[in-house]
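J.: In case you want the letters, here they are:
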Amino acid sequence: MDTLNNWRERLISKTTRPTLITTYKYWLWFGFLLVITGNGVFQYWKQWQHGLYVTDMRDRISWGLYITAFVFFIGISHAGTLISAILRATKAGWRAPVTRIAEFITAVALLIGASFVVIDMGRPERIFNVYLFGRWQSPIMWDVMAITTYLTASVIYLSAPMIPDLALYRDRLADKVGVVRNFIYRTLSVNWKGSPKQQKLLGKAITIMMLVIIPIAVSVHTVVSWIFSMTLRAGWNTSIFGVLFVAGAIFSGVATLIIIMAILRRIYHWEEYLTEKHFLYLGYLLAAFGAFMVYVNLSEYLTEGFNLEEAGLFAFRQLFLEDFAAMFWFYIIGGLLGPVVLMLVPKTRTIAGVVTAAILVVVAMFLERYFIVVTGLRVPLMPYEAANYAPTFVEWSIFAAGLAIFCLLITIALKIFPMLAIWEMTEEHAADISDRPTEEPNMVGADIVGSLTSTERLPDAGPPAEGGGS
Amino acid sequence: MTDKSGEAKRSQTPKGEVPISIGSVDRRGAIKLLGLGALGAVPLVASARVMDGLVRDIVKGSVAENQAADTVPTREAGRIRQWTMVIDLAKCDGCQSQGTPPQCTTACIEGHFAPQPMEWIEVYEAELNGGGSQFIPTPCQQCENPPCVKVCPVGATFPTPEGTVLIDQDRCIGCRICMAACPYDRRFFNWGTPPIPPEAALSDYNPDHQAPASSGTVMKCDFCPEMARDGTLPYCIQACPNDAVWYGDLEEDIATNGRTVVKATKLVSDNNGYRLKEHLGTMPRVFYLPGHGEDIGRDPHDEGRMPTEWPWIERAEGAVTWTR
Chain F
83 MDTLNNWRER LISKTTRPTL ITTYKYWLWF GFLLVITGNG VFQYWKQWQH
133 GLYVTDMRDR ISWGLYITAF VFFIGISHAG TLISAILRAT KAGWRAPVTR
183 IAEFITAVAL LIGASFVVID MGRPERIFNV YLFGRWQSPI MWDVMAITTY
233 LTASVIYLSA PMIPDLALYR DRLADKVGVV RNFIYRTLSV NWKGSPKQQK
283 LLGKAITIMM LVIIPIAVSV HTVVSWIFSM TLRAGWNTSI FGVLFVAGAI
333 FSGVATLIII MAILRRIYHW EEYLTEKHFL YLGYLLAAFG AFMVYVNLSE
383 YLTEGFNLEE AGLFAFRQLF LEDFAAMFWF YIIGGLLGPV VLMLVPKTRT
433 IAGVVTAAIL VVVAMFLERY FIVVTGLRVP LMPYEAANYA PTFVEWSIFA
483 AGLAIFCLLI TIALKIFPML AIWEMTEEHA ADISDRPTEE PNMVGADIVG
533 SLTSTERLPD AGPPAEGGGS
Chain Z
933 MTDKSGEAKR SQTPKGEVPI SIGSVDRRGA IKLLGLGALG AVPLVASARV
983 MDGLVRDIVK GSVAENQAAD TVPTREAGRI RQWTMVIDLA KCDGCQSQGT
1033 PPQCTTACIE GHFAPQPMEW IEVYEAELNG GGSQFIPTPC QQCENPPCVK
1083 VCPVGATFPT PEGTVLIDQD RCIGCRICMA ACPYDRRFFN WGTPPIPPEA
1133 ALSDYNPDHQ APASSGTVMK CDFCPEMARD GTLPYCIQAC PNDAVWYGDL
1183 EEDIATNGRT VVKATKLVSD NNGYRLKEHL GTMPRVFYLP GHGEDIGRDP
1233 HDEGRMPTEW PWIERAEGAV TWTR
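Chains as they are written, first to last, in this note's numbering: chain F, 83 to 552; chain Z, 933 to 1256.
There's no promise every hint is true.
[Claimed, not checked] EDC-like cross-link-like pairs, simulated, lysine to aspartate or glutamate; straight-line CA separation at most 16 Å:
| # | chain 1 | residue 1 | chain 2 | residue 2 |
| --- | --- | --- | --- | --- |
| 1 | Z | Lys1023 | Z | Glu1226 |
| 2 | Z | Lys1195 | Z | Asp1185 |
| 3 | F | Lys128 | F | Asp138 |
| 4 | Z | Lys1209 | F | Glu391 |
| 5 | Z | Lys1209 | F | Glu392 |
| 6 | F | Lys96 | F | Glu354 |
Source of the hints: derived by calculation from the structure; they are not laboratory data.
Given these sequences and hints, build the entire structure.
T.: Structure (structure tokens):
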């Protein structure tokens, strides 16, 4: 029978695999991302020179793909919060292998999302005016405050639970990796020795961050929605926008997490840790949020449509029947109902089914962000012909670069950081087997204590998730 | 120093008199002078601005302060003018009778060097309920409860004590949330490097006249506060061949279209004046008197107007233009 120590050693070797082994495929993928990024940088340089003239945005549709990307990426960043903070708070035991990946997605997506606001600015070099002259009455300032807070909190929430794992890397990989990574491990593991005092402090820190980050995350996508809903435009000026955006954010965040989990699982053979159970649970979450999104949409469109105003009529026509109908119905049927159906039918209640649902959701949520931004601006305010908008090559290139940098940062992180939460997973596994009436019930504790050196002792102080199990 | 420049301007108008009445004396002359492709005259206007700007620049701190403290035209101590505009739609035919593009828009473009395709005062053609159309010249509505000001993250667009809303293009970061917020489609963005004719390039920048335009920032109708202080009517009012547009001061309750001077509130009430999208609560300072050009004999079924032109665009080197 597998002892806990063996289990843990195997986990460590599997987790360090991406850090220690780099194949040519990795460099191929890396190069591919670099090319896309390079093209985006080049196109942005063009935009820097000629102004937003190089986009297809104009006075009447004055926001487009960049703001879509901003909302989309900030939405994806909600993966980390939900999975990690909410599941940690509710002591859902199965979350352990998923949290680290989710937290990385959060930090990276936030960085990309925030950059798109700057990319969208007419005078990006004046970004510091926001700090010099900032008015707290402006929804944009709310976003600046919320997003910077969220980014700070997310980085802390990512790095704090990683400390014991980084200390492990520091001790185990010292002679296997170069100077840079050694430096990173030494610095970020903040002299972790696994002493009871340190464990206690870490447990406290994680608990506090977990509780703090949930309201912050909810506030972030709420104020993102308020950028739109604080205007006097049909389709935007509605109190449901905050709910719609937060639910949509978590929805797309979970979907992105599923996709990235599936990819990593396949490449690094993490089948033992990212099991079908994890995918199914996340899939159920997806289905639940899909159903909730249907409800929110129905509530919104019925309220607005029942006593249809002129501007509302225009907004509805373009959405349901005309220019944006294909997008809209794909969003409703494929993106919202799709996951529900896929999870309801036993045949598709598989990893493949969940991943399919996740891909549908990510695409649909991107389209939703796009049509929310563009259709809201497109409704004519005065007697003029409605304008049209089609993103230019420059805009698509920069958006693609955003996606590429998102992947790139995760790809780089794979080479440095433990993508699986080793200590939390071990803890959970220990709890798991101690729950079971195993052959040697009393040996478990001894196993842990006895076989680990002092620096690698399991930090069992984490208040979350103890005794979670099944 | 600051006070002197303000004093100098005020002294051009005899104390207690309506400054705009000066413009009305020689209105046609003013049109010729300012106008409509009279090349020689334009630099004059511009150079007056340059001097103005120079004086102000030496003394100015922040623009908003400058606005608030130095240049507010007071009739008497403690009284601040509250600019307003009344547009008589019964007298507007979109310049169909002139066979020209709307003269208000043209004059505005000439005077402000508004980059193509910006029509700070745009003449919309709206359908009438019984068929046919009306023309609605639409400047910035200068809301008392301005949605654009509320959303600006850096205070680049700000209300003045005179009740107008201006934009400081030196501060604007180009986020365009004000454009999303404006319910009247009255804000314009410099998507590219804006066309700047030589005479505008000379002008010293000031939010009061917004010239020269700068890339990546928002512009809009400014209600010509400088001209008003100097005792002249805004370009659009000077140019209107049918005296359809009135400019006035709600504080003194007076308005003029360049020909007659009337009580502003009475003008609005007597003619069933209304404001655009009143239900939004933006409280515009622009009032409309209903109509479709019937006072000057326009048939509502005679639709369409000449497209707006930017005649000076050819003098702007390397000009980039776009469409709205």
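J.: Does F/Asp138 sit within 16 Å of F/Lys128, going by the straight-line distance between their CA atoms?
T.: Roughly 14 Å separates the two Cα atoms, so the pair holds.
J.: Would you mind confirming whether the straight-line C-alpha gap from Z/Lys1209 to F/Glu391 stays at or under 16 Å?
T.: 13 Å, holds
J.: Are the Cα atoms of Z/Lys1195 and Z/Asp1185 separated by 16 Å or less?
T.: Given pair Z/Lys1195, Z/Asp1185 holds - Cα atoms ~6 Å apart, limit 16 Å.
J.: Holds or violated: Z/Lys1209 with F/Glu392, Cα cutoff 16 Å?
T.: 13 Å, holds
J.: Compare the distance between the alpha carbons of Z/Lys1023 and Z/Glu1226 with 16 Å, and conclude whether the hinted pair is satisfied.
T.: OK: Z/Lys1023 and Z/Glu1226 at ~7 Å, within 16 Å.
J.: Are the Cα positions of F/Lys96 and F/Glu354 separated by 16 Å at most?
T.: With Cα atoms ~10 Å apart, F/Lys96 and F/Glu354 stay inside 16 Å; holds.
Violation of the numbered hints given earlier is absent; every hint is satisfied by the structure.
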